[in-house]
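Novice: Residues per chain, in single letters:
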Amino acid sequence: MSKISLQDIKKVRYRWLLLGEAAWNYEKMQGLGYCYSMIPVLKKLYPDEADMKKALQTHLQFFNTHQEFAEIILGIDIAMEEKEGAASLEAVSAIKTGLMGPLAGIGDTLFGVIANTIFFSVGSYMALEGNPIGIFLYLIWGVVRVIMRGYFIRIGYREGTKLIENLGDKMNRVTEAASILGLTVVGALIPSVVSANVPFVFKSGEVEMELQAILNQIMPGLIPVLLVLLVYTLLNRKGMTSFKAIIFVMILGIACSAAGILG
Amino acid sequence: MESLNFIQIILLTLYAFIAINDAIHMDFGLNRPLIAGCFAGFVMGDLAFGLSVGATLQLMVLGVSSFGGSSLPDFMSAALIGTALGTISGKGVEFGIGLAVPVGMLLVQLDVFARFANTFFQHRADRYMESVNIKGIERMNVLGVFCWGLSRAIPVFLCLVLGSELVQNFVAYFPDWLSAGLKVAGGLLPVVGIAILLKYLPTKKYTAYLLIGFVLAAYLSMPMLGVALVGAALALMAYRKSGEKELVKSMEGADEDE
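So the protein sequences, as listed, match chains A and B. Just add 230 to wherever you are in the first sequence, counting from 1, and you've got our numbering. Just add 19 to wherever you are in the second sequence, counting from 1, and you've got our numbering.
Among the hints, a few may not be true.
[Said to hold, decoys possible] Taking CB as the label site, the calculated pair distances span:
hint, chain 1, residue 1, chain 2, residue 2, range
1, A, I385, B, K110, 49 to 57 Å
2, A, L441, B, L197, 17 to 25 Å
3, A, I377, B, G109, 43 to 51 Å
4, B, E184, A, G490, 30 to 38 Å
5, B, Y192, A, S323, 29 to 37 Å
6, A, I448, B, L197, 25 to 33 Å
7, A, A443, B, K110, 35 to 43 Å
[Said to hold, decoys possible] Result set (DSS-like, lysine-lysine): computed pairs, CA atoms no more than 25 Å apart in a straight line:
hint, chain 1, residue 1, chain 2, residue 2
8, B, K264, B, K223
9, B, K202, A, K474
10, B, K154, A, K283
11, B, K154, A, K284
12, B, K154, A, K240
13, B, K223, A, K392
14, A, K274, A, K241
15, A, K233, B, K260
16, A, K474, A, K433
17, B, K223, A, K474
18, A, K468, B, K260
19, B, K260, A, K392
20, A, K284, A, K313
21, B, K154, A, K392
22, B, K268, B, K224
23, A, K468, B, K223
24, A, K240, A, K284
25, A, K468, B, K154
26, B, K260, B, K223
27, A, K274, B, K154
28, A, K433, A, K392
29, A, K474, B, K260
30, B, K154, A, K273
31, B, K154, A, K241
What the hints contain is simulated information worked out from the structure, not anything from laboratory work. All C-beta atoms in this analysis are idealised placements derived from N, C-alpha and C, irrespective of residue type, glycine included.
Produce the entire structure from the sequences given, and follow the hints as far as they go.
Specialist: The structure is reproduced here in structure tokens:
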């Protein structure tokens, strides 16, 4: 007998759809929203207060992934907790952190960059000719995505139950493959989405040399790579939160701009 | 110079409040400059004007997407303000766009502010968790809606009430070093999102794939979809290979049993 009905899953889905990122913050990012979305299910599963507290604590932790793909993780999570209760929470935490990286990389590329570029380039060119029809393309795409997300959470829930049944190495293999895809995409994101231009120009007599051109000859995207390395190292230190890292990068940006190093 | 009527100001302010909350959830596109410009044009009674301002701003941010919580110039609010104040100024579309661009660049700071402010709700929710106060946690999440909404609604409201002259003056008096610095910082911020992803991915184990992705984009300028396809191919190969390994292992196990 299942403790969770389709109705409960729908409640989680609508909470995430409407308010999942309402309290997005630099410290735990989607953490609060994820916890908020899971609450209808948690109420069903944990009549015991100690279990409930442990579950709330697990879900309030750092979480950040792509909006649409998050529903797959929610589905898997519901299935796991339904089956094993509070005992599954540690595994749930591992699955959440294991899947959020790859899914964020893939989702941000597919939905964020590619779909938006296609829809809005068409829509904008039509609008410049005074035709607002292109806008409706995106509204339709929005409806399609909302429906699609309903399937995501149910697929996650269904497959999640199966994953529990024949656990073992298959889950590791899937996570491993997803991580490879995720890392390949993230590697490409570094030179594409980070913009750091060095305006400095060497002058000696008649010869002018742009520092950026020299840096590009050493390696294109050198500064973005160094910065990612720096922040990555910082984040691995104890007591470092994403909140502090953001402040650090902002101050660094303003300082480098004022010093004429970046611009 | 004419000014906007009360209903127009309220409609545009409400739109800004709703649009940003749409952007982070369902994303029907209300937060895109194109659609915001179209709405503002409709409200102001000059649809073509709104479409031109919106489309021009849209093309400037095409393909730019918030990644890992980085902030983008707020061209949604900018499209509303540029269209509304541009229409009543009677100075043409170029004036509307010229007003909108610096406003959008400045307003990015309020996006950062909203994300900061929400940290407060997260802390409160963490505290409610200690006493298993579920209602409290739920309330903290819902309150976040106002942080987001007001971060857009307040500046739009103020700009529309104050009018284009004051807005231009404010933009002009904003120190150059600071706005240049914030622009640089905005370009660097995706670094944090990427570093967080790397922290949660098995980066040390699979550094090779990170390098492959980087080389494809940095040296070969391959578009993102191409990189994703290469990544998918590599993932498939790894999945097959690990499957074979398992098969061998289980066969060896069977041999030992005999």
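Novice: Tell me if the straight-line CA distance from K468(A) to K260(B) falls inside 25 Å.
Specialist: Since the Cα atoms of K468(A) and K260(B) sit roughly 36 Å apart, the hinted pair is violated (cutoff 25 Å).
Novice: Is the Cα-Cα distance between K433(A) and K392(A) 25 Å or less?
Specialist: Answer violated: K433(A) to K392(A) is near 67 Å, above 25 Å.
Novice: Given the hint that K154(B) pairs with K273(A), test it: the Cα-Cα distance must not exceed 25 Å.
Specialist: Roughly 12 Å between the alpha carbons, so the hint for K154(B) and K273(A) holds.
Novice: Against the 25 Å threshold, does the CA-CA distance of K264(B) and K223(B) hold or violate the hint?
Specialist: Holds, at roughly 22 Å.
Novice: Mind checking the hinted window 43 to 51 Å against the Cβ distance between I377(A) and G109(B)?
Specialist: Since I377(A) and G109(B) have Cβ atoms about 45 Å apart, the given range 43 to 51 Å holds.
Novice: Determine whether the Cβ-Cβ distance between I448(A) and L197(B) falls within the hinted range of 25 to 33 Å.
Specialist: Because 31 Å falls inside the window, the suggested range holds.
Novice: State, for the Cβ atoms of E184(B) and G490(A), whether the hinted interval 30 to 38 Å holds or is violated.
Specialist: Holds - the Cβ-Cβ distance for E184(B) and G490(A), about 33 Å, lies within 30 to 38 Å.
Novice: Given the hinted pair K260(B) and K392(A), is their alpha-carbon gap at most 25 Å?
Specialist: At roughly 22 Å apart (the allowed maximum being 25 Å), K392(A) and K260(B) satisfy the hint.
Novice: Has the given pair, K468(A) with K223(B), been kept, meaning a C-alpha gap of at most 25 Å?
Specialist: Holds: K468(A) and K223(B) sit about 18 Å apart, inside 25 Å.
Novice: Given the hinted pair K223(B) and K474(A), is their Cα-Cα distance within 25 Å?
Specialist: The given pair, whose Cα atoms are some 23 Å apart, holds under the 25 Å limit.
Novice: Sort out whether K433(A) lies within 25 Å of K474(A), counting only the CA atoms.
Specialist: Given that 25 Å is the threshold and the Cα spacing comes to 38 Å, the pair is violated.
Novice: Check whether the Cα positions of K154(B) and K392(A) lie no farther apart than 25 Å.
Specialist: 33 Å, violated
Going through the hint list in order, the structure does not satisfy hints 5, 13, 15, 16, 18, 21, 25, 28, 29.
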